[in-house]
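Student: Residue numbers (the working numbering), protein chains in the order written: chain A, 23 to 349; chain B, 110 to 449; chain C, 10 to 301.
These aren't lab readings, by the way, just hints derived from the structure by calculation.
As the structure is a prediction and not an experimental result, all values here were calculated from the model.
Where a beta carbon is used, it is the ideal one built from N, C-alpha and C, also for glycine.
Do not take every clue at face value.
[What the hints assert, rightly or not] Derived pair list, reagent style SDA-like, types lysine to any residue, alpha-carbon separation capped at 20 Å:
#	chain 1	residue 1	chain 2	residue 2
1	A	Lys118	C	Ala21
2	A	Lys177	C	Ala21
3	A	Lys294	B	Ser370
4	A	Lys294	B	Phe403
5	A	Lys294	B	Phe353
[Claimed, not checked] Incomplete in silico selection of chain B near chain A, CB under 7 Å:
#	residue
6	Leu198
7	Leu279
8	Gly292
9	His323
10	Ala349
11	Phe368
[What the hints assert, rightly or not] Not close to chain A: a few residues of chain B, all C-beta gaps over 12 Å, as computed:
#	residue
12	Asp111
13	Tyr123
14	Phe192
15	Ile335
16	Ile405
17	Arg412
18	Arg436
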Amino acid sequence: MAILEINNLKQYFYINPPLLSRLVSKKKPGIIKAVDDVSFSLAKGEILGVAGESGCGKSTTCLSIAKLREPTAGTIHYKGKNIAGMVKSEIRDYRKEVQLIFQDPYESLNPRFRVFDLVAEPLRALSVCNSKEELTQRVTATIAMAGLNPKDYIKKHPHQMSGGERQRVGIAQALVLEPELVIADEPLSMLDVSIRAGILDLIRDLSHRMNFSCIYVSHDLSILSNISERLMIMYLGKVVEIGRTRDVITNPMHPYAQALIAAVPIPDPAYKRPIPDIRGEVSQPIDPPPGCRFQTRCLKVMDICRTQEPSMMELEPGHSVACHFYR
Amino acid sequence: MDNILNIKNLKTHYSSEEGIVKAVDGVSFCVGENQVFGLAGESGCGKSTLIRTIMRLVPKSAKVTADRLQFKEYNLLTVSDQFFREKILWQGISLVPQSAMNALNPVYRVGDQCTEAILAHTDFSKAEAEKTVVKMFDAVGLQAGLMKAYPHEFSGGMRQRAMLAMSLVLTPELVVMDEPTTGLDVLVQERILRNLKEIREKTKTSAAILLITHDISVIAGMSDRIGIMYAGKLMETADAMDLFNDPYHPYTLGLKNAFPSIKALDRELISIPGSPPNLTQTIPGCLFYDRCPFSIDICRDKRPEEIEVQPNHFVQCHRTEHVKEFRKLAGEKKTWQFSK
Amino acid sequence: MKFSIIKDFLVAQYKIIRGNRFGMFGAVILLFFGTIALLAPYIAPHELWESLRDSGGKLAILRQPSLEFPLGTTAMGRDILSQLILATRTTVLIGLTSGLVSILIGANIGLLAGYYGGKLDEVFMRFTDIIYGMPFLPFLIVLISLFGRNIWFVIIAICCIIWRTSARVIRAQVMSIRQRQYIQAAKARGCSNFRIIYGHIMPNILPLLLLYTAFNIAWSVLAEAGASFLGFSDPNNITWGGMLYNLWISGKIRTAWWWFATPSICIILLVSALVFISRAYEEVANPRLKQR
C-alpha cells in the first residue's frame, strides 16, 4: 500500500525582472521549471533514494512534500488524501506524521536552545503531550534512541557539540513525533566521513524499528547504494530512471544514469574509472527546449529526442526509464 | 627522483583563548618531481593549516617551526616575504583554493583576472599573457569566449576549472590543491580530475601536485603517494597501492571501512566512535588512543615514533607487529563498538 | 523550564556586562541613579518648592555650594540638591517608560515586518518612513499647545517618534534570520508563525534588542531634557531639563555655575552610562568588535 503518491508534480518559479533590467541588460522574463511533471510512489516502510546533481529538483520536491512550499501543479496524496488545500488543523496533523531531517547540522538547530528544548519543541508546538512528565519522558527516550546519553546532552547548546552530535539532535527532533514519513535531505554531506556510517546506520535502524518510510535525497550515489531499497534518478526537474537500487546501480539504462554511475569515484587506486558518456555542462532549468531535457548532453541523441518528451517505460519488473532509445 | 618539496618536523601552533592550538604538530613528508601526493584527513586534522603554512597564509601570530621546509633549493622558513611573493608564488608553487567561487573577484572579467596574474609575475606582454590564458582555458575545457565573462556567469565547476587554469598558467613546479572537488557534482568532479590528468600528460608539465581532501575515493584515483593526517600528525604515509593493499594504522583501517562504494553493495559500513581530540590539550600518548580499538596502556602514555614498516611506508603506531590480526578485526563491526 | 530560561538570561546579561569595562562603568552609574530615583522622597533633605532661609534668617537666594546647601540654591532660594534628587526620579521614570514603550513598538514592528514581508512589510515600512520625516520638537509643541503641559504628553511624544530606528534595524536582522535553516526547520516541526517569531527568532535578536533598549532610553532622556529646557514640560514635575529651564528663565545662567553644572553633569552621566551598556551588547551582537 503506497503511503505517498506523487502525480505530475510541477514547481515553477516565474522570473519577472524589473523594467529597467529588461531594457538595460536585456533580461527576459522566464520560467524556472525546477520540478516538471514528477510522478512516483512510496510504499510503507520503504527507503527510497533520490539522486541527482544540483538543480535537478530533488530538494524542491522534498519541500513540496513537506508542505513548506506549495506546488504549481500536480497532486501529492498522503495515505490517500490530497494534501493541497488543507486547513490549519489538518496541516498540524500532517506535520505530526511527515518530518524532515536537514542537511546542515550547523544551521538547522536554533543556537539559543538547549538540546532538551530543541527536541521538545515539536511536541510543544503541536501540543502532543498531556503532561510535563510525558513530555520529559518522551524527549529523553528519543535523545537516547538517537545515540546520545540524555544525562550528558540535555543541557548542552549546539555550539558545544560536534557536527555528528548536532545531526543526531536533528534526527531526534524529527523522530520525537514518531512520524510515518521522514524526508532526509542530504543529512551526511556536512559530516566527517568517519562518522557518517554511524548516522546512516542510525537512520536505517530507526526506520526499521519505528517502521517509517523514508525519502533519502543525496547526490552521493555511494551512500544511496548503501541505504536505499529503491533508487530514483532526477535530471533538470524530471525523473529519468527509477527501480530497485541494485538494478539501477548495476544495470543503469538511461544515458544520464549510466554517466552518473560511471563517474562515481571508487576508493580503490587500482580501479580504472570509465569515462562517462556525456558532453557539455549541466544547464539551468530555465525555459528548457522542447523534447527530452537531456538532449544537449546525450551521446545517443536522436531526432525524436528534440521534439517529444519521453515517458516512463517499465523495462524490467520494477525498473522504469524515460528514454526514447528503448522504444 | 628529486624532491620538490621537503618537509621535516613542521609545526604550526596558534595561540587562542583556550590555549595553544597545535594545528600541525611535527609533520614530515616529501613530494617528488612530477608526483601526486594526496593528503587525506577529516575536519580539524590540520591539512588546511599545513597548506596555509607552506603558502605563508597563516596569521603573523602563528608560530611556525620546522627542521626543514624546503621547496627546491629555497628554504621557505627564511626567504623574505617579497622574494616569496615575486619568485615563488604562482611560478614555483601555485594554489588552487577551496571554494573557488570566493577566490575570483566578482567585478572583474575572468580573463582579465588571469592575465593580470601573469603580468604581475612575468614580463610577458599583454598579448602574450592573453594567448597563454587562452591555451590554458582550452586545456581545461573552457571556451576562449568565456574569458570575457564574469565569475557569476560561471557555474561552480567552471569556476574551479578557471582556477585550475590560472594555477597552471605559469608552469609552476608544485600545484597545491585544497579540496578541489568538494561541493561539486560528481560529473563535474570527474571531469576536473580527468582534465588534471590529461593536462599533465599533454603539456608534459613536471608539476607535482599536493592534493588535500577528505574524500578517500578522490585521493585513491589521483595520488601516487598518500599521507593520512589526524589531529595535526601524519599517521601513515605510503605509496597509494601500498596504503590500500597493506594498511597499517588503525585509523587508516577504520577509514577504509567508513567509505561506501557502489562496487561493494553488500559491505557493512563501519564508523569510528568518538571525535578528534582537542588540539589545545597536551596529550602525552598517541592522539588516536580514545578512538582506537586496539590501543593499550603504552599508547596512552607514550607518543609513537614514526617507523618504516616497509620500504617507503611510514606509520606512527606502537603495535604494528599485530597488523595482520588488526586488519581482520577492523572489518568487523563489533570491533568498533566500544567506548573509552 | 521557564525559570531556568529566565535564570540563564540574567546570568548571561551579568556576564556580558561584566566582560566589558565600559559596561561595568555604565552599570554602576545606572545602579546609582536607580537607587536615588527609588529613594528620592526619603533622602531629599528639603521640599521641592520650599524657599529656604539660611542660618542667619535671610532668604537663601543664589547661594554657592556650602555646608548648609551642598549644591547651592536657586534664584528662588530652593535647595538644588533636593531638586536634583527629586528630579532624578522623574527623569529616570520618563526615560525608562518612553524607552521601554518605544522599543516595544519598534521591536514588534521590526519582527512582524521582517518575518511576514510582502504587503505587511510595505505598510509598516512606509509608516516608519513617515515617522522618520516627523521632527520631534514641533510634534511635541503641537501636542502641548493642543492639550496642555503634562508629563504624559512628553512621554507620548517621545514614544511616537523614537521607535523608528530600532524598527528598521530589527527588521533587517529578522529578515536575515528568517532565511536560516533552523527557522525553516521550526516550521517543518509544526511551529505556528507566532511561535516562530517570538519563540525562535526573538531569542536570536536579543543582543540587538537590548542594545536598542539602552539606546532608546538614552535618546528619551536626551529628548526629554531638550524639550524641558525649551519649556515644554510639566511645571509640577521637575526633571533635570526642567531645572535648566528654570535657570534659563531666571536669567542667571552665566553666573550661577552650580545651578548649571549639576543637572548637566547628571544628564551626561546617565546618557553615557546607557551608551556604555549598549556598547557591551554591541560586542555580543557583533562578536568581531571584541577587544582582544
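Student: Hint by hint, work out which the structure violates, then give me just those numbers in ascending order.
Tutor: Result: hints 1, 4, 6, 7, 8 and 15 break, sorted rising.
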